[in-house]
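Q: In order, the protein sequence lines correspond to chains C and P. Residue numbers are given in our numbering: position 85 of the first sequence equals residue 85, and the series is strictly consecutive. Residue numbers are given in our numbering: position 205 of the second sequence equals residue 205, and the series is strictly consecutive.
Bear in mind the hints are in silico, worked out from the structure with no lab data behind them. Since no wrong hints were added, every one of them can be taken at face value.
Part of the chain P face toward chain C, derived, beta carbon under 8 Å:
1) L171
2) T261
3) P263
Derived DSSO-like pairs (lysine-lysine); straight-line CA-CA distance at most 27 Å:
4) C/K61 to C/K236
5) P/K69 to C/K208
6) P/K69 to C/K245
7) P/K162 to C/K70
8) C/K158 to C/K113
9) C/K157 to C/K111
10) C/K39 to P/K69
11) C/K125 to C/K113
12) C/K158 to C/K187
13) C/K125 to C/K39
14) C/K111 to C/K158
15) C/K194 to C/K113
16) C/K208 to P/K247
Backbone N, C-alpha and C fix where the C-beta goes; we use that ideal spot for every residue, glycine too.
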Amino acid sequence: MKSSTGKQPIALDGGITSYNGYWFHQLLLSTAGPGEMEKLATNASTWDDPAVRDAAKAVEKLVKANLFEKDYMATKFPAGQNGWAAGDQTFIANGTWLASETQPLRSATQKPKVIVMPPVHAGAKVTPMLGALGWGLNPQSTEKKQVAQFMAFALQKKYEDRMATDALNIPARGDSPAPEELREIQKSLDGASKVALDFDGTPWLAPKWFNNVFVTLDDQLIGGSITADQFITQGKQQTADLLSK
Amino acid sequence: MTIFTPLPEAEIPSRVIDQGNGGALDRARRRTYLPMLLPALILYLLLYVAPAAAGMIVSLSTWSGLGAKFTWVGIQNYVDLFTDRVFLSAFGNTLALTLIVGVAIFVIVSTSMIVLRSTKGRAFIRSAVFLPSIISPIAIGVAVAFLFNPNGLVNGALGMFKLDALQRPWLGPDYILSVIVVGVIWSSAGFYVVLLMSAVDSIPESLFEAARIEGASLFQQFRHITLPLTRDMFSTAAVLWVIAGIKTFEIILAVTGKAGTPPIQARTLAIEQYLLVTTGADGGIPQLGSATAIGVVMTAITVILILLSRRIARRDSLEL
Numbered sequence: 001m002k003s004s005t006g007k008q009p010i011a012l013d014g015g016i017t018s019y020n021g022y023w024f025h026q027l028l029l030s031t032a033g034p035g036e037m038e039k040l041a042t043n044a045s046t047w048d049d050p051a052v053r054d055a056a057k058a059v060e061k062l063v064k065a066n067l068f069e070k071d072y073m074a075t076k077f078p079a080g081q082n083g084w085a086a087g088d089q090t091f092i093a094n095g096t097w098l099a100s101e102t103q104p105l106r107s108a109t110q111k112p113k114v115i116v117m118p119p120v121h122a123g124a125k126v127t128p129m130l131g132a133l134g135w136g137l138n139p140q141s142t143e144k145k146q147v148a149q150f151m152a153f154a155l156q157k158k159y160e161d162r163m164a165t166d167a168l169n170i171p172a173r174g175d176s177p178a179p180e181e182l183r184e185i186q187k188s189l190d191g192a193s194k195v196a197l198d199f200d201g202t203p204w205l206a207p208k209w210f211n212n213v214f215v216t217l218d219d220q221l222i223g224g225s226i227t228a229d230q231f232i233t234q235g236k237q238q239t240a241d242l243l244s245k
Numbered sequence: 001m002t003i004f005t006p007l008p009e010a011e012i013p014s015r016v017i018d019q020g021n022g023g024a025l026d027r028a029r030r031r032t033y034l035p036m037l038l039p040a041l042i043l044y045l046l047l048y049v050a051p052a053a054a055g056m057i058v059s060l061s062t063w064s065g066l067g068a069k070f071t072w073v074g075i076q077n078y079v080d081l082f083t084d085r086v087f088l089s090a091f092g093n094t095l096a097l098t099l100i101v102g103v104a105i106f107v108i109v110s111t112s113m114i115v116l117r118s119t120k121g122r123a124f125i126r127s128a129v130f131l132p133s134i135i136s137p138i139a140i141g142v143a144v145a146f147l148f149n150p151n152g153l154v155n156g157a158l159g160m161f162k163l164d165a166l167q168r169p170w171l172g173p174d175y176i177l178s179v180i181v182v183g184v185i186w187s188s189a190g191f192y193v194v195l196l197m198s199a200v201d202s203i204p205e206s207l208f209e210a211a212r213i214e215g216a217s218l219f220q221q222f223r224h225i226t227l228p229l230t231r232d233m234f235s236t237a238a239v240l241w242v243i244a245g246i247k248t249f250e251i252i253l254a255v256t257g258k259a260g261t262p263p264i265q266a267r268t269l270a271i272e273q274y275l276l277v278t279t280g281a282d283g284g285i286p287q288l289g290s291a292t293a294i295g296v297v298m299t300a301i302t303v304i305l306i307l308l309s310r311r312i313a314r315r316d317s318l319e320l
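If we strip away everything but chain P, and leave its shape as in the complex, we get (with noise of 0.2 Å):
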């Protein structure tokens, strides 16, 4: 094996010592920096700046697409946007399952920390918990809504057990938000167990054993020591929940249906945008600029949440 170790400076020979300003090696290092920087930059510009500056500008516009007039209206589809009711219900639905189904994730995980870490067949049951993940959120969708069907296994189970006081039409308007929210948890919440589990293992078994002996509770070690230590994946996983969170779409249209349009009371952003771009099950000309315009908002709010829960999580992070 071999053990580079570095040298100090003074043995260095001073021609590879980068001066800073001037030096051979940063003359060099200036001339090849944009040479080697613009590929990346020219493909970073084409395939990302471009298309968010040309979706801002159809935000600002009346268009309904390929061979369509193209109108230019400022910022009327904003206006109209956050003076629609329907918008409105939409962003507030977004909101509540993005922050309701966020934070059950969260007690989920934290529960998995505490008991999963010392559970004999732990292996096992974080792969099973990862299943859900990797099932499609329309089949999970279409089974929810067989789930909770009026005929459907959940009120026949509530039946079963004379509970029958608590049967509902869980797919009617009242209901059916909650109904999607439970899918929306028991589909995402195992990738999030796995990737904070992935941080526990990383902490040292010491650190537990040390707590164990001067009598720590599960619990206390939980908030002492892996909630500290896994304060980054918390944020990480914070932000790719926001981002999925708020582009919920496929499972609210797998448990409503495609052959009409989905009720107010299960409209998310996506769906909203969705409605506007295929104008809904019924046909239409599709209203671009609008469904731009919710799209630009929908970047909006998942960038505010993001800044929000980095904020949330910040501290000095620990290191072992």
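So here's chain C without its partners, still in its complex pose (with noise of 0.2 Å):
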């Protein structure tokens, strides 16, 4: 599948080990549901579920496909995510910061949609993958009114509508609409039953085994360089020699 212009449809940054492992995360996520690579990280016997095993696959036909951009893992970042906001491909998997990031290289008729990841089986739940930056109140806190107060003037709704339009972001507001690229994924995060972090949170909770097991090889599972199986089968070797430390 190539695109009209004879192009590989799918752009990618593959020095970018985050961005490469979205795609494994965000099947699993599809296959398995959140929490799953947390337990890839705690678990070795977790890599031997089928719902593992099929992400994996997912990853290594879209390989096999060859549809990722040519040397999508020698481009020197941010040249992949330039080439699809320049219109040499149609797919890139990546944050909802990208609508805004883009922006500027992209032409007045571009209007590109942000979505959550399709299913690796039709017709499966997605849960969408989130990051939140927000407001943390300490419970102890003796000022707490005028924390309240400080709340009540940054939620205002003249503030919140700025950040889908000055920051192109979503704004916390449900009645704040999102800038018109992320309508869908708003719509998907609001109807969503379920949200899950990135990673699920394995960069921060089991920071060794994301750098060092994770990454290394879900970079040569897209890289192309190992097979979905050697993937499984080398992921809970490590995952077991790392925990047994």
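Since each chain sits alone in its own frame, please combine them into the complex, following the hints.
A: Okay, here's the thing in structure tokens:
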């Protein structure tokens, strides 16, 4: 499957390991749901779960079908996403920030849409990934009243609307519409009963596993140098080795 | 012009001659020795010995920073490192980079010493080759990455000269370390060329003239005059390079980018240490015990390589 330009349809900055990882994790969310990736980091036997194999096989299938852009593992970020913004490729797996990040590069006629990753098995429920930035209130605070006043001030609709119009992000208020590019994903988030953290939070919860096991094997899987079966065998072995220390 | 000539010992008043043991000057020197030495000793202990000792202690613990629990684990961090394939890969990459770049610099410097010594405009050439040494390694890394991007100048030039077969995904896992090595050589060689050429300048021209009259070629002049008389400077340069090479960091981060974890093929010990201190681009809790253990290993390798290079270069020094 190639676009009418003769170029592969999916852009990817393969030098960015987390962008590579999004493919496996988002496919895993559709086969196993949220929390599976954390189990992969904390229990080596989880690698035997057929849902993990399905997700890995789906990545392998994309690689073998030659759908990613030429030399995707060797692009200097942000060459891949800039190529997508320029219209060289049709799809890219990334965060919602990409809409604002690439806006200056897109022509006025280009109207990208951000959607959740389609499921591996048609009709399966998809869990969107969510990274939220917000305010944290210390329950021991003696200034709760002032904090509440500040929150009420900061969350006024006129300011939240500008999160969409000025920052091109999804506002926290339900009555503040997202930018046009993000309306679909906003709907998915609003309708989701569960959301997942990026990589189920393993970069924070199990950083050594994430950096040394997952990232290195996932780079090889999406780079085409190992198969899905090797990914699973080696992932299980390396996780067991790490957990035994 | 006043010329001072030393007095024969017999003419020096006996009270100023140091008697070695028990003389007045010796006793005075002993009394002032400690007070004079103490400030420097205290500073050295505080600024060098104490931090090094603290680092050694942290390397024997699990600790994530101020306010976190400090747990003594003995040599476990070192055991974990030397059974971790990612650390061993970074270890190999670091040694390979240091040795390959070191050999390349030696070849470039030796060639420069042969060619540049008698070349017209050599001062300008030296300045030109020194220039990359004063450019930020970050800037060099980014520039190198742009050059070697799949659509970059390198592949473009190869295509222009109908050498498409030589085009490669240079920044991909199979070639990225080689690209980094090229960048490090380009940015570092000039410094060592200037350093060694300054030693060449101190060799009397008459030696080269005599060699030329005897029919010695440029290479023979290098081998029998330049090399022996600059051996000490070569040794110093080797030490400086080993120290710099083992710590190679910024250029790698600039080539691979901060938005992700550098691929395993591009990780050096310094990058691996950085990942443990910051736990990569996605955040997390620092692992200062393991990171400090890597620092101790880096220091140990540096010392070993310095001793090796000094031993290789050790010969009776030649003086003119």
